[in-house]
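Letter by letter, the chains look like this.
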Amino acid sequence: MTAITPDVVAQHGLDETEYAKVLEILGREPNLTELGIFSVMWSEHCSYKSSKKWLKTLPTTAPWVICGPGENAGVIDIGDGQAVVFKMESHNHPSFIEPYQGAATGVGGIMRDVFTMGARPVANLNALRFGSPDHPKTRHLIAGVVAGIGGYGNCMGVPTVGGECQFDPAYNGNILVNAMTVGTVDADRIFYSAAATVGAPLVYVGSKTGRDGIHGATMASAEFSEDADEKRPTVQVGDPFTEKLLLEACLELMATDAIVAIQDMGAAGLTSSSFEMASKGGVGIEMNLDAVPQREAAMTPYEMMLSESQERMLMVLKPGREDQARAIFEKWELDFAVIGRTTDTGRMVLTHDGAVVADLPIDPLALASPEYDRPWTPTPRPAVLDAASVQAPNDPMAALRRLMGCPDVASKRWIWEQYDHMVMGDTVQRPGGDAAVVRVHGTAKGLAMTSDCTPRYCVADPAEGGRQVVAEAWRNLTAAGARPLAITDNLNFGNPEKPEIMGQFVGCIQGMAEACAVLEFPVVSGNVSLYNETSGQAILPTPTIGGVGLIADVARMATIAFRTPGEAVILIGGADGDDGGWLGRSLYLREVVGRDDGAPPPVDLATERRVGDFVRGLIEAGRVATCHDLSDGGLLVAVAEMAVASGIGADIDAGAGDRDGSSLTAWLFGEDQGRYLLAVPEADASAVIGDAERAGVAARRIGVTGGDRLTLNGRHAISVAELTDIHETWLPDYMARP
Amino acid sequence: MKAAVVVFPASNCDRDVAVALEQSTGQAPAMVWHRDSEVPDVDLIVLPGGFSYGDYLRCGAMACHSPIMRDVVDRARRGVRVLGICNGFQILAEAGLLPGVLMRNAGIRFICRDVHLRVETADSDFTGRYAAGQVVRIPVAHHDGNYFADADTQARLEDNGQVAFRYSDETGDVTDDANPNGSVGGIAGVFNEGRTVLGMMPHPERLADPALGGTDGRPMFDGLAAALD
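Chains A and B, in that order, give the protein sequences. Numbering-wise (my numbering), the first sequence opens with residue 1 and increments by one. Numbering-wise (my numbering), the second sequence opens with residue 739 and increments by one.
In case anyone wonders, no lab produced these hints; they're calculated from the structure. As the structure is a prediction and not an experimental result, all values here were calculated from the model. Backbone N, C-alpha and C fix where the C-beta goes; we use that ideal spot for every residue, glycine too. Do not rely on the hints blindly, as some may be mistaken.
According to the in silico footprint, chain A covers these stretches of chain B (three or more CB under 8 Å from chain A) [to be verified]:
{"id": "1", "region": "784-795"}
{"id": "2", "region": "847-856"}
{"id": "3", "region": "948-957"}
In isolation and in its complexed conformation, chain B is listed as follows (with noise of 0.2 Å):
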């Protein structure tokens, strides 16, 4: 599998997923500048966590229109896998990518913990070495990450499957003292509706090394590799 990651200028996750990607692909994903207009021809393209362009704005809202962005709406419409991690997962949502919008935590604070995580379908690229009803320990690290949807838009989501993980438990039960930010369901990411996007809060790449403390993030990357082979 071959992958690129999108550094925009503020972006600081994209090293550590590089990281993540080369140790389950064997190679060291491209890196593309977000002034570049293409990105190379490649199966999976990452949008990192990070502040973007400092995100004083709504977050994402300026790297959306960023001019590597056409090229990765582009892509993921002809089906390139693309996953956005806590601000991937806004710049996505901001770009329309992926339905819903993400907001202010509840509790105001920058919240940076180990949550749980209940994977809601196996059924995808990201989540096949996942089993569903999974509860997996991942960690949050971000300020905006409070998911909303209008009714509508959560019925479609859960009628086609679109919930990818949820904040739960440790037995998986999905609870407001589970919820760190407020999310809508406990909604922690989504899928488009061909399930070839993923937005998600959490970071798996964080705990994909047991010398970190966890490697529940591991299977993600792990799983992509395989899938996109």
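Bound-form chain A, shown alone (with noise of 0.2 Å):
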């Protein structure tokens, strides 16, 4: 028997406060076993100790929302008895030290959260962060995490059909690696985790449990130092081909009415998901470490119960029904075993080998686990920058050149073709636009989704940007043509007991919260990463968003493509009168310029919605088919990618002809919020410019699509064939460099 010297409790994570309150529940000192539950359970990543708090005060109701956070994902209802399950997570640390199977057993356990919750999953995206392009880990960093997204989603036949990938060199030691799955489910059949059956059957299926990825959630709770590679044991293996097998064979069970309660086995996996099943059930549980499937000799239970081992779930059955389930896991060929029951005791009970090897109160360790308020520092807000201040450049055709072939605007085909986007026969908008279109399954309807974050706002002044990260996912979706419904977040962040990390996560919250409320938008689920920090050098704050919106009929969306030449190009939304010119933290001053300064572009989440609720309304009404949002690079750099996708060209014209050097530089390339680009029929413009007048949307024509050329002020030009090349060869060409 290990002693339980302050050393090992200090190795379990658990600080002094925290093992004084494991002694005062229990009574007594714990065995090694109930030390290990206490830590998973209790970890960061387990308990949200450090941010409980405040996300408390994000909104996440609405009337369409059947499920907030708590249990595996969310879900929203989206009519005719339908309904959608979506969660963002992340797998940033194991994707650092081994990317190909972190990144593919991060995509697992999302898969698995939804399909839990008996929901078929239609749709993967990703959100990546890596280091600087230079760094020497970068290259083999993308490699291994694009491969491991894509060998497990195309093994699973789910589609990856969106995502986001920036570099900053603050990822260099600490990348993320955030993954996203939506799935659909009808609203009546909807599983959820708590066990409130006494006497009935608990259930393990699915793959057999090893010694891989002990401790993972501790590991996910702490930071990084230079021997992280040392850390490998701790990462998982995937097996998609099983976990194709379990999410059929579950939705096989899931048509019948044998299930009381469900739960994937993911961080912490046999403890998390039995306490989490019996306490959220009010019941007790028994169980035999005996019958759990073992793929080594001679594990412990100690092992047994802080193994990571994908593709597992646990659940509880009507009593009863074993014969009826067993048979849908053997026609499918994975383990069936019953390990135990559900008791009336609100107690864990674990035997092994015939004798009790750990007896701990349920609901002390699930629901009092600590929560903290850290202290915190709000982050100081930058100044104002004055456009005024930012040189012109003599070309600004150069100035687009730049941005277009920049590590954060280049294209990612190179990713995206490496994942199999089209399989299931419903993606009617692929990668590459503002929102991945994903029809509903037999029906007109589509599921449009998103994935956003613009961490160098986030940086600079941590409530802004927290406004823009909700307010560009809304607006993302908005410019499919589709009504924003709900989010995920995915809150990464660096060590939470620094205060000036704490205030940017405060800060980040708060902003959220604003934009949530103000665009009816709520959270249904989310994750929290935090301790993302390698030799004490944090990331920037991150906290990504994972919006779903619904289309009602996929006949009247819109995409960024221009269509036909002689379309009027008309820009929608900003201040009337002032269409334009925020330099501070753009993407121009940081390419071009090389200065990442100033106050991140302020987001009016009122202008914000009046005039995203417009221009949704015209797509609806099927006046207009193209539309862009406007966001990294600005206007110019939102023109050319209209241009890049269709092939055809547009002029432009700056208007009022006082616009020169610094101010049209601003124009160009300021990255002020809440505006669109459309292109409709010359014929119809000048209604929709009226429409927008009258609600109080500013709008106004500034060109014209056509030719092969993108033109400025019949002054300035450049090929579109030009910047196709641009802006498509840079991720291949880095990727290809030996």
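Using the hints, put the two chains back together into the complex; each one sits in its own frame.
Structure, rendered in structure tokens:
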């Protein structure tokens, strides 16, 4: 027996106060298995102890929200008796240590969260953030992460339809891999994790348990040091074939009424899943660890309870339904074992080799986990940058070239062509636009999805950045013609024990909460990933937002590509009479001027909503089919992206004749929020602009589509072919470099 | 026409091809489980895309030994039309119903994108609704689609008109740039000698609906439905 010394306690990530609480709950010293269980249950990853206080402030309800945060994933109503289940989750640390398996198992885990609730996954997205392209590890990490995501999702037959990929030196030692899954389910066939039946069989299905991933949740709750590679054994290995079998078998069983509760074994494996089901259901559990299917010989109770072997599920069945369920899992050639039963004791009692090896009260562990009000200091607000102080380029097209080929804007085709984005036969908007759109199978409805974050805004002003990330997701869905319904948030931050990092977290949450409220865009699920630091160097605050919206009829949606020559290009939104000019924290400032300062562009949420509702109305009415929101790089980059997507050029007129030098630069590259570009038939342009005025929305015709060049003020021009080449070659060339 | 789709445990284009078949034939195909030993009495058997048994070994190497494949091979030998798409093509090649092998893509990576194909012959039940030399746009999505056959086999394929499709550019030129995976001769799909069995890496079922961005795949299913009615 291992003695529980202060060293052993510290190795389990519990501080003195927490360990005192363990002693108080138990009234005795824990044994090693029990200590291990406390350790993972109270890890930051599982308990949200630093973030809980603030997460509670986020709006989580709306008439269409069926289930908000707290279950495996969030659920929203999309009408006609159908619901959408979705969530985003990080797998940052494992992906840095072992990029292929780390990313693959991240995808596997998030899909399980969705089909655990009875939904069939219909789309995957991923938000990736890597270090500087010049960092020696970056290329290897991209190659591994992308192959891992593809390897898992492709085999599962779930299309990977969208996402984002950005670079910043702040991620050199700590990349971010955030994976999102969206599934559909009949609204009356949703499964939850509360095991509210006493005397019911506890059933283990899926892969066998091995020694992989032990203490993964604890690892995800600590900073990295330079010896990160030594943590490789804590990374799990994915088996997408088994997960495909598990998916089909679970959905087949879910078509019956045999299940009381079901929970996937993700972080902290058997421990977390069993405690959660028991706690939510208000029952106890007796578990016989000898019955757990095991891949390796002589596994200890400690190892079994803490293993994070993948592709496993825990279920509570209605008594007497074991044979019916077993037949389904045998058909799919998966392990099926009754490993215990629910009790009325409120305790978790584990036996192994005929002896009780752990006896713990469930609720104190699951519900009374520590909750901290960490000290935080607000991020000082930076001064607003005077656009006139920014030197204008001699040739705006040279600046455009630079931006279209810079790592954050360059096409990510090299990535998404490694993902099967068409399987399931419903991808009606493929990657590369503002949002991906997947048709709800057998209907004309479409689900629009996007993932967004602008960390360079968040680091400068967390609250403004928090407003912007939510607004940006809302805007991307709107630009496709979708009604934004809800978000999942994946909050990636540094060490919360540092007041300035906690200040970033608090600021971002405050901004997000405001935006969610005004835009009626609640948070229904999410994940917090803290301690994203290596050797004391924190990542940029990165609250990634995964948004889902509904399109009533996919025949009426918008795409970013120009459709035909001779259409009017209309700029919608922004302040009337002053439509652009915010260069602080813009991509232009960083990539072209080489400065990264000033305040980020403010988001006026009321205007955001008015403008977006107006644009969506045009698309829903069938009056607009070409729409793109303005984001990184501003107006000229947006026009260029629309041209590249279509092969059709445009002639843009900065107007008024008085814009030159700094004011022209600010108009072309400013990142003012809440703006869209539309292309409409020339004959409809004045009606659209008139309607905008009546709706209190700024709108102005700025050019016309056509030709094979992008022309500005009749003076500057660049061919669409050259723009396409610049846009498409950066990433493949970079990855091909020796 | 009656069709059956064989479902291996990790098939994942089974539903997609069933949708395309039903659209063209007016009736849902029979879905046949890999552990069954007999395919129902049908005019067309489809082996769909996916990962059959995970394909951790060579793609299709396990699936070709599955219980249902004995009957599929038997029916094929008796002239029942068999279409293998992507993983289905790999399985047909492993089962010896089609010549050649499918190796890892020349670029080592999985590739999912629309490609152009030149139809090499319209003289089959599968390609009768296309014209020889016609260029169509159909997606590929595979990691192991690099077709190879030895020189003698290639010559025999050419002489017998067994090449169904080649990767080409938009104008129908078969070039290295247009070849996504390194396949010898740009071969994207091959017939057996009687042109009753077709294996192809591209997915015609993925572009048989205008909402998905194209319909160049649809004539294959319409043609089969008409020819086998």
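Taking the hints in turn, this is what the structure says about them:
1. 784-795: holds (count 7)
2. 847-856: Result for this restraint: holds, n = 5.
3. 948-957: holds (count 3)
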